[in-house]
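Chemist: Below, each chain spelled out in residue letters.
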Amino acid sequence: MNIVVCLKQVPDTNEVKIDPKKGTLIREGVPSIINPDDKNALEEALVIKEKEGGKVTVISMGPPQAEVALREALAMGADDAILITDRAFAGADTCATGYALSGALKKLDYDIIFAGRQAIDGDTAQVGPEIAEFLHIPQVTYVEEVEVKDKNTLKVKKALEDGYETVTVKTPVLLTAIKELNKPRYMHMKNIFKIFKQDIKVWHADDIDVDKSLLGLSGSPTRVRRTATKEARGKGEIVNKPYKEAVTYALSKLKEKHLI
Amino acid sequence: MNIADYKGVWVFAEQRDGELQKVALELLGKGKDLAGKLGVELTAVLLGSDMDNAAKELVAYGADKVIYADSPLLRHYTTDAYAKVICELINDRKPEVFLIGATYIGRDLGPRIAARLRTGLTADCTGLDVDMESKNLLMTRPAFGGNLMATIECADHRPQMSTVRPGVFEKLGKDDSRTADIDKFKADVSSSDVKIKIDQVIKVAKNVMDIGEADVIVSGGRGLGSQEGFKVLKELADLLGGTIAGSRATVDNGWIDKAYQVGQTGKTVRPKMYIACGISGAIQHLAGMQDSDFIVAINKDESAAIMKVADLALVGDYRKIVPEMVSQIKAMK
Chain A
1 MNIVVCLKQV PDTNEVKIDP KKGTLIREGV PSIINPDDKN ALEEALVIKE KEGGKVTVIS
61 MGPPQAEVAL REALAMGADD AILITDRAFA GADTCATGYA LSGALKKLDY DIIFAGRQAI
121 DGDTAQVGPE IAEFLHIPQV TYVEEVEVKD KNTLKVKKAL EDGYETVTVK TPVLLTAIKE
181 LNKPRYMHMK NIFKIFKQDI KVWHADDIDV DKSLLGLSGS PTRVRRTATK EARGKGEIVN
241 KPYKEAVTYA LSKLKEKHLI
Chain B
1 MNIADYKGVW VFAEQRDGEL QKVALELLGK GKDLAGKLGV ELTAVLLGSD MDNAAKELVA
61 YGADKVIYAD SPLLRHYTTD AYAKVICELI NDRKPEVFLI GATYIGRDLG PRIAARLRTG
121 LTADCTGLDV DMESKNLLMT RPAFGGNLMA TIECADHRPQ MSTVRPGVFE KLGKDDSRTA
181 DIDKFKADVS SSDVKIKIDQ VIKVAKNVMD IGEADVIVSG GRGLGSQEGF KVLKELADLL
241 GGTIAGSRAT VDNGWIDKAY QVGQTGKTVR PKMYIACGIS GAIQHLAGMQ DSDFIVAINK
301 DESAAIMKVA DLALVGDYRK IVPEMVSQIK AMK
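Residue numbers (the UniProt record's numbering), protein chains in the order written: chain A, 1 to 260; chain B, 1 to 333.
Derived from the structure by calculation, the hints contain no laboratory data. Be aware that a few hints might be false.
[To be verified] Listed next, the stretches of chain A that the computed footprint assigns to chain B, with coverage defined by at least 3 CB atoms under 8 Å from CB atoms of chain B:
hint	segment
1	63-69
2	88-96
3	146-154
[Said to hold, decoys possible] A few chain B residues that face chain A, going by a derived Cβ cut-off under 10 Å, partial list only:
hint	residue
4	His76
5	Phe144
6	Ile152
7	Asp311
8	Gln328
Note that the coordinates shown come from a computational prediction; the quantities given were computed from them, not determined experimentally. For each residue, glycine too, the CB sits at the ideal point set by N, CA and C.
Generate the whole structure from the sequences, applying the supplied hints.
Modeler: Right, here's the structure in full:
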């Protein structure tokens with residue numbers, strides 16, 4: 001089984017803070033990590049490879065520093081890493097991103113494409129299914145269990161709001177992983193030395209199978225018109241008294257409003 | 001693409017096991033407002049089998065028209081069959097706006113359709129409006145884990161697509177006297193179109209209250225310190241006839257089930273009263289609860305963001321304040 005895992009390097013959004021005066025994001029000092037759901041995808045790919053043989057390739061589209069995420073994936077046990085980077089990709093929305101990644105994937109040999117359900121900096125969950133559509137292959141999203149039945153058949157369990165369904169699907173297929181799928185391994189010490197010697201392939205827009213007019217900002221159907229920090233609600237009342245008094249006061253207010 | 005050829009607002013009427021999902025009715029509520037601003041019809045798109053009653057229900061909840069694609073192969077959702085039928089309908093009838101619920105099904109289907117039509121799709125919108133000058137849809141969603149709100153436009157492609165989380169918009173009142181054209185037809189879909197075979201669908205009866213339906217929510221955050229904190233909160237919630245809920249941190253820590261999560265990646269709630277205990281108020285959390293009618297925040301830190309959105313902000317330790325609330329409320333009764 002040859003598996004390609006799509007990884008995204010993301011800022012750890014738990015660490016993103018807002019400048020209260022300017023209302024802008026403070027990005028300095030925010031660590032970059034492999035997107036959590038993508039790590040679950042990589043872990044599952046490695047588990048399948050260990051059982052079934054084959055090769056695990058990780059690809060990431062992003063700026064040159066996304067190489068760090070790919071090296072971490074190699075240290076976890078991936079065999080090969082490809083960085084897709086080009087100024088032509090800048091400003092891509094999910095549609096143009098999915099299209100560019102599909103152009104790179106067309107160059108690769110895969111039975112399974114594995115991606116995380118969604119990235120924590122965008123939370124859209126759109127790029128996975130969009131890749132599958134551009135490649136004309138089936139998709140199973142919200143995957144929480146994968147069983148390889150034979151060389152080209154998978155049995156997959158996918159989560160639903162109130163339960164799950166099990167489906168049978170032929171490869172090639174794109175799967176998107178959720179946290180419940182597994183617990184990702186740590187980097188392996190012996191790999192950590194190896195990966196600094198290993199080359200990461202770098203592909204530019206000319207190296208992938210795409211119509212270049214459909215890349216980046218100009219190839220994106222959506223545009224960000226404006227961004228804003230949330231407007232605050234009307235000013236409330238701060239109650240800073242000893243707790244018994246505070247509660248008595250608060251309950252009298254709630255009673256006034258017929259809330260209790 | 002001639003933008004002017006595209007007219008009308010469409011809403012995906014998601015059904016599961018033959019039952020319309022609440023979000024479909026909420027989308028009709030918002031869709032009505034958008035269609036009014038654009039001066040166009042509001043159409044519900046229903047896929048399924050034996051769904052005639054549901055089609056009528058969509059009319060009662062505000063649809064000016066229902067397109068009902070009927071086939072046994074559409075009884076249960078599959079990406080392939082649904083995407084095929086809907087894309088053919090869109091290419092044929094050309095709506096300018098298409099709204100989908102951001103459910104597990106909607107988030108599987110939406111991007112597949114958008115990529116096939118090569119149009120824009122904006123995920124998890126919390127606000128939708130019309131730019132009266134350009135008549136474009138303005139789609140607002142939280143970005144960067146909810147730290148920022150972004151307004152997105154899809155000016156040169158149609159339809160303008162967006163997914164919307166359940167609970168964000170309100171459905172209209174039901175009016176059974178409304179009438180509208182129900183366009184039922186046999187969908188052109190065959191089993192060879194469906195590449196995935198569904199073996200089993202299992203419902204896990206989670207014994208949890210739908211927090212989206214609760215009038216009172218007592219919610220806890222990282223500041224609870226441990227799972228035990230929810231016991232304290234539950235006593236107050238029970239007394240007020242409400243439910244407990246938690247922030248993303250409490251779910252990630254395993255203190256409470258994901259079904260109780262409020263926020264951008266959890267549920268959006270709008271109860272009569274929301275009592276936030278030990279919650280700092282990351283925007284990703286606020287996005288899920290700030291439309292509550294009345295917000296009480298209990299936090300040791302007076303400068304926490306939650307204290308600024310609260311109608312009543314109590315500075316102090318929830319471990320003291322919440323039990324005191326319980327005993328004083330009991331004494332009142």
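Chemist: Interface hint check: Asp311 of chain B, Cβ to nearest Cβ on chain A, cutoff 10 Å. Holds or violated?
Modeler: holds (4 Å)
Chemist: Given Ile152 of chain B as an interface hint, is the shortest Cβ-Cβ distance to chain A below 10 Å?
Modeler: holds (5 Å)
Chemist: Cut-off 8 Å, C-beta pairs, minimum 3 residues; does the coverage of the segment 63-69 of chain A by chain B stand?
Modeler: violated (count 0)
Chemist: Does Gln328 of chain B meet its interface restraint, that is, does its C-beta lie within less than 10 Å of any C-beta in chain A?
Modeler: holds (6 Å)
Chemist: Mind checking the CB of His76 of chain B against every CB in chain A and telling me if the closest is under 10 Å?
Modeler: holds (9 Å)
Chemist: Quick check: the segment 88-96 of chain A, covered by chain B? Criterion 3+ residues, Cβ under 8 Å.
Modeler: The restraint on the segment 88-96 of chain A holds, since 3 of its residues have a Cβ under 8 Å from chain B and three suffice.
Chemist: Counting residues of the segment 146-154 of chain A with a beta carbon closer than 8 Å to any beta carbon of chain B, are there 3 or more?
Modeler: violated (count 0)
Chemist: How about Phe144 of chain B: closest beta carbon in chain A under 10 Å, or not?
Modeler: Holds, about 6 Å.
Checked against the numbered hints above, the structure violates hints 1, 3; every other hint is satisfied.
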